[in-house]
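Given only the sequences and the hints, what does the whole structure look like? Please build it.
Spelled out from the first residue to the last, the chains are:
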Amino acid sequence: MALSVQEVTLLVPSGSTSREHDADFSEWMTARQSWLLRTAYLLTGDTHTAEDIVATCLAKLYLAWPRIESRGNVDAYARRTLVNETNSLWRRAWKRHEVIREHLPEQPIHHEHHSGDHEALWAFVNTLPTKQRSVVVLRYYEQLSEAEVAEVMGISIGTVKSQCSRALHTLRAGIHTRPELLPQQREPR
Amino acid sequence: MNPEQQLSDALGSRGKAYDPAPIGFEEVTRRAGRIRRRRLTASIAATGLGLAGVVGIATTWNAPTGGQQIPPVATGSVHPTPFIDTVGPLSLSSVKRGAAPHVAYLFDGRVYSPGDIDEPLPNPRGVTSFGSYHGGWVTVRNNELVTQFDADGAVVRSGPGSGLSTDADGARHGFAINGTLYVGSPMAEGETAIALRSGSVFKGFVSGSRWIEERDGKTFLVSSDGNKHTRMPMLAPVRATSSTGDLYVGSGFDSVQVSSIDGSTKWESTAWIPESFSPDGTLVAALSPSEGLAKVARVAILDAKTGQRLAYFRLTEHSLELAGMPRWEDNSHILFGAKQLGNSQVALLRLGVDKSLVRATKVLDATHRQGFVISD
Chain R
1 MALSVQEVTL
11 LVPSGSTSRE
21 HDADFSEWMT
31 ARQSWLLRTA
41 YLLTGDTHTA
51 EDIVATCLAK
61 LYLAWPRIES
71 RGNVDAYARR
81 TLVNETNSLW
91 RRAWKRHEVI
101 REHLPEQPIH
111 HEHHSGDHEA
121 LWAFVNTLPT
131 KQRSVVVLRY
141 YEQLSEAEVA
151 EVMGISIGTV
161 KSQCSRALHT
171 LRAGIHTRPE
181 LLPQQREPR
Chain D
1 MNPEQQLSDA
11 LGSRGKAYDP
21 APIGFEEVTR
31 RAGRIRRRRL
41 TASIAATGLG
51 LAGVVGIATT
61 WNAPTGGQQI
71 PPVATGSVHP
81 TPFIDTVGPL
91 SLSSVKRGAA
101 PHVAYLFDGR
111 VYSPGDIDEP
121 LPNPRGVTSF
131 GSYHGGWVTV
141 RNNELVTQFD
151 ADGAVVRSGP
161 GSGLSTDADG
171 ARHGFAINGT
181 LYVGSPMAEG
191 ETAIALRSGS
201 VFKGFVSGSR
211 WIEERDGKTF
221 LVSSDGNKHT
231 RMPMLAPVRA
241 TSSTGDLYVG
251 SGFDSVQVSS
261 IDGSTKWEST
271 AWIPESFSPD
281 GTLVAALSPS
291 EGLAKVARVA
301 ILDAKTGQRL
311 AYFRLTEHSL
321 ELAGMPRWED
331 NSHILFGAKQ
341 LGNSQVALLR
351 LGVDKSLVRA
361 TKVLDATHRQ
371 GFVISD
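Same order as they appear, the protein sequences are chains R and D. Numbering-wise (this note's numbering), the first sequence opens with residue 1 and increments by one. Numbering-wise (this note's numbering), the second sequence opens with residue 1 and increments by one.
Please note: incorrect hints may appear among the correct ones.
Example chain D residues on the side facing chain R (calculated, C-beta under 8 angstroms, incomplete) [said to hold, decoys possible]:
hint, residue
1, E4
2, L11
3, I23
4, F25
5, R31
6, I35
7, A151
8, R231
Source of the hints: derived by calculation from the structure; they are not laboratory data. Ideal placement from N, C-alpha and C gives every residue a C-beta, glycine not left out.
Dropping the structure here:
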């Protein structure tokens, strides 16, 4: 039985999600989820995990939407939620379990822009501890300032600096054993 | 090129190469509902407010009539009259509006949860009780068909059974389907399955993860591993258990009795039918049947150990009828559905042990629809 507009209105208890709320959120989500997914992928190194984290992040954002007074801060809120979700991955029991899938594992992401040094650097990023990796992604992918990274992660600027420094130190040390990272040692094209 | 620039280029290239599949709005709202339920469950567990009632009991009580001498009955109250103790028609819209329900409830096929979340319940027709389980749902239809749904609404298992009950720490739900008792978390994975003895009906948890079950018209206290069965005196069928108070409600010849699992009867009543214990086990929500036990005249909060009436609300005397079995919202408030006689207007009302009465939802139209079912 089709409900009249009046009935539908009556059936929605007070405080239910408003259409404006949904439309507003949906618009933002459509525009920004690719950005979130890419950042999540770089933070985790796995597309399935990235999609799961972003879905959770969006759900939390959806719940908090009415309370986010300044829409200009939504991106910052989303970024912080994303980083928190990533850093709490280890708490999830399922993460430690083998996941059985119907299909073969996803193929490695290949792109014409992936040169040998990019692959090597990506492999290096994948070896970083979670917190250090988050700092690196926020600093060098999101291009945030040290202060902004500190704000997002809820840590001091000094910690951001030290985490970046350690990551770069590890990278520089790795260069000595990864000649493909040295431009002057690349094979001539 | 310095290492910082190399890193920036490599990450930019990697991010650009990832072409993700879009996440749908439906998926986000469904997940939001699960998060909300998980938060709610966590907050309940953190404050020791584990739900304790066994559910799925129809409003109508088919107790036999007779003239047996009854032991001391707790029907009176030394407390002052409740907030609304007048008689005469009462318009639901005139009841003062209070906060939205702090627990989920089902109305017209959708589950409304705290935090402004609503979502459809799979196959909601005839559902008499429901709760979250493994991120999905467990529903009981017509008090006998139990179905577990996963988070996407697919049926995991279904069959005749009983449930749903929450253990003392509020962390695990139990329900029985086809003779097997399943115990697990509302949100997390992991489950214990215990085969019940032939013909047994799971009735609900008491302390120590033990439970009460019925078999051949007899009541048994069962150890947590399911191996030790201790016969309890009389009191079948069991209507409710308290996992925190170690109490249960059984049916006498023409009365109901609230007993301790040590076998002693705490109190007995011909006037009130206890339906569900408060999360901390100190109070019990009760109904007072009228008109041949077919209708509910009053809803009350009683002291669980003495039967003393602490607060009540008249339904029939206000030209209202029950449209949703009372369930505990916290340790001092119950929610129940009320319907206006003569029209189809319904609302959830909140009765407090402090005798307060407020309306927890707006007045809704329930034409051709079942009333409220409050989550367990």
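Violations among the numbered hints, reported as their numbers in ascending order:
Going through the list in order, the structure violates hints 7 and 8 and respects the others.
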